[in-house]
Amino acid sequence: MFGYVTRRVLSAIPIALIAVTACFFILRLAPGGPFDGERALPPVTLANLRAHYNLDLPLIQQYFIYVGRLLQGDFGPSMVYNDFTVAEMLWIGLPFTLMLGFSAFIIGTIVGLVAGAFSAVNQNKWPDYVLVMLVMVGLVIPNFLMAAVLQLVFGVYLDWFPAGGWQAGSIPHLVLPITVLVLPHAGRTARLMRGSMIEVLGTNYVRTARSKGLGQRLILARHAIKPALLPVVSYLGPGLSYLLTGSLVVEQVFALPGIGKYFISAALNRDYGLVLGTTILYMFIILAVNLIVDVIYAWLDPKVRYH
Amino acid sequence: MAGITGKDAVLTEYARRLETLDAPKGRSLTQDAIRRLVRNTAAVISVFVVAAIVLFAFVGPYLLPWTYGEIDWSNIRKPPNFEAGHFAGTDQNGRDMLARIMQGTQMSLIVAGVATLVSVIIGVIYGAVAGYFGGKVDAVMMRFVDIMYALPYILFVIILVVIFGRNPVLLFVGIGCLEWLTMARIVRGQTLSIKEREFVEAAKAGGAKPWTIIMRHIVPNLTGPVVIYATLTVPEIILTESFLSYLGLGVQEPQTSLGTLISFGSPVAETLPWMLIGPAVVLVSLLLCLTYIGDGLRDALDPKDR
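Chains as they are written, first to last, in the numbering used here: chain B, 1 to 307; chain X, 308 to 613.
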């Protein structure tokens, strides 16, 4: 097990490096730059600015400087927001985004697993039909539409929760954003769980367990849940990545102070440092979660460890 | 009739009865699948709804008095008004909402169609090549897919769109280029088992080149899973496109798409609800029906889940 984990950690390093390199060059080889404003800057000022941010060096050299700094945890300066470094800006937004994303991730996964398992146990009875219907609704309504509808219904008409904004420590402000993030994630998880649970409940070993007189609960707890979790666990990595991209929209719609809201404006402004920093941060979170997911997977399915 | 054997007699008899249509007929796998699909009521209804939406989007504009870019100065921000020909109201610029919804649906459908095609082509060829050659080639190619999976791909789409301008063609290709990963995985898995079959061995023995074997013998046998997964990709792509449009990175004015319409409609939904309801209903029913069709096709074509 230890060897497996080490191998996974080591193999994540080249992935991270390739992704950083790809982002860096895609961004740099594109036309346009951070100093293309409405009014052209005088050439001397522009040259000074470019020199200040090392933009006048050959691209390869800039790349090595960037990676070198990155390894020391320095994301470089923001080229549009002069008063902050990228690391400072990300540091302000990160705790919020992580809190939002992980709460939604945990709630959504639990809700999805329970709903999926419940649906599978009651296959083709009315609770199953109701749940499958709900899951479908959660899956097909895009998050930005769901956000608008929830804001309107619960924020404006019923006035139960604030329709947007954020006050530190205020839970009501989080209810609607987290709901918007939870629904699709719970839906996908429930769908997968239902499918794999139905398959597991039809296997021979479950039938054996039943025929030797085990009760439903014991069968589920001892024999059915663990193998049924496998496809769901392998979905959690991509699932988190969906969630985080969903948080881009949610942070915009509900005016929340996470890192997602920087990303789009930074991309539009060609603020190289900030775009790269945000992308890299998202990527590291996703890679880390994938790593954890892989380890859980290996624990659930011993075959994986030896490949 | 000299020389006729017992077997010939049975076959002749069977052929005669086939002509008079009283023989039991065999069912092909395709017929089986179609029967299963037709029995799935949700899928059948969905097919009709999607067909209706496609007609609505592509034929509808010719039946309306207004085009999507035309401004009616006497009706700005007005609720549905049948006398003036604004069946779904007008937006803040006095443009007919129904015409805009039709144009938006059209755009979303075109993006979905082209991007799905791109993703199917890339995914099938990539997966088939990786699966057929196996070994190191396979390991490297699938490792690359794993890497791409681990990345927040929508961020890449956003970077690409921002950098290369909001060109609709780029939007199609960009989304298609990033949606092929799952397709490649599925195709590779199928190819691994197909390449062990006798007809591939026969083709190899006959001296066919790897490329010919892949295109002539392996790809046609992938039709089932590819069709199923492609159908499930379409709603995914519509969702991605509307997401980008919602963030203001999609198609440009005066053209529009469902995501753009929703993004303009949602801030004013309290006072001008018709600006949100129309596009939202079309988008949600389109996604719902496409998902049902995909599920129905999977149940019908994939013998494993029966």
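It cannot be assumed that every hint is accurate.
[What the hints assert, rightly or not] The calculated label-pair distances, taken between Cβ atoms and stated as ranges, are:
#: 1; chain 1: B; residue 1: T208; chain 2: X; residue 2: G496; range: 28 to 36 Å
#: 2; chain 1: B; residue 1: D56; chain 2: X; residue 2: K443; range: 39 to 47 Å
#: 3; chain 1: X; residue 1: T319; chain 2: B; residue 2: W126; range: 49 to 57 Å
#: 4; chain 1: X; residue 1: V588; chain 2: B; residue 2: M99; range: 41 to 49 Å
Since the hints were made in silico from the structure, they are not lab data.
Positions of the beta carbon are idealized from the N, C-alpha and C atoms, including for glycine.
Hints and how they fare:
no., hint, verdict
1, B:T208 with X:G496: 28 to 36 Å, "29 Å, holds"
2, B:D56 with X:K443: 39 to 47 Å, "42 Å, holds"
3, X:T319 with B:W126: 49 to 57 Å, "56 Å, holds"
4, X:V588 with B:M99: 41 to 49 Å, "34 Å, violated"
In this structure, only the earlier hint numbered 4 is contradicted, and the remaining ones agree with it.
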